[in-house]
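Could you build all of it, start to finish, from the sequences and the hints given here?
Per our numbering, the very first residue in the sequence shown carries number 1; after that it's consecutive.
By construction, these hints were calculated from the structure, which means they are not laboratory data.
Hints are not guaranteed to be accurate.
[Said to hold, decoys possible] Pairwise CB distance ranges (calculated):
| id | residue 1 | residue 2 | range |
| --- | --- | --- | --- |
| 1 | Glu105 | Gln71 | 25 to 33 Å |
| 2 | Val66 | Met111 | 27 to 35 Å |
| 3 | Asp82 | Gly38 | 28 to 36 Å |
| 4 | Glu105 | Lys70 | 26 to 34 Å |
| 5 | Thr29 | Glu67 | 16 to 24 Å |
| 6 | Arg9 | Ser53 | 32 to 40 Å |
[As the list claims (entries may be wrong)] Derived pair list, reagent style EDC-like, types lysine to aspartate or glutamate, alpha-carbon separation capped at 16 Å:
| id | residue 1 | residue 2 |
| --- | --- | --- |
| 7 | Lys13 | Glu67 |
| 8 | Lys69 | Glu11 |
| 9 | Lys70 | Glu11 |
| 10 | Lys13 | Glu117 |
| 11 | Lys69 | Asp18 |
| 12 | Lys70 | Asp18 |
| 13 | Lys69 | Asp90 |
| 14 | Lys13 | Asp90 |
| 15 | Lys13 | Asp35 |
Think of the CB as a built atom: it goes at the ideal place given N, C-alpha and C, for glycine as much as any other residue.
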Amino acid sequence: MTKKTEKTRTEDKQLALDAARIARDLNCTDITVIDLTGISPATNYYVIATGTSARQARTAADEISVEAKKQGHQRFGVAGYDRGQWILLDFVSVVVHIFAADQREYYNLEMLWGDAEQLTLDE
Numbered sequence: 001m002t003k004k005t006e007k008t009r010t011e012d013k014q015l016a017l018d019a020a021r022i023a024r025d026l027n028c029t030d031i032t033v034i035d036l037t038g039i040s041p042a043t044n045y046y047v048i049a050t051g052t053s054a055r056q057a058r059t060a061a062d063e064i065s066v067e068a069k070k071q072g073h074q075r076f077g078v079a080g081y082d083r084g085q086w087i088l089l090d091f092v093s094v095v096v097h098i099f100a101a102d103q104r105e106y107y108n109l110e111m112l113w114g115d116a117e118q119l120t121l122d123e
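Put into structure tokens, the structure is as follows:
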């Protein structure tokens, strides 16, 4: 692994953990960070959180986007923002999902990546 690759992986992990912390600080629940490095060809980390309302989910999405921009990460896409039931923020190497509880239960993304390592916020 090159130094640039190591730096990028470290930056990606930092963004994923910071996104999770922001979600936690804004009282989102059931926050999970999944390390997909070497498992998914599309992304390195999923951050999954549950918002208690559409407004809370949008606020978390906004704050995460601001922090990512500060760290130099470009957001390439956002989906579901208006409805607030499943907001997806795509930073390519980090993808953030903020769900309403019923949507999260229905889609159960954690089950799809059951073999992947889950990170704790203390890392």
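Unmet hints by their number, sorted upward, for this structure: none
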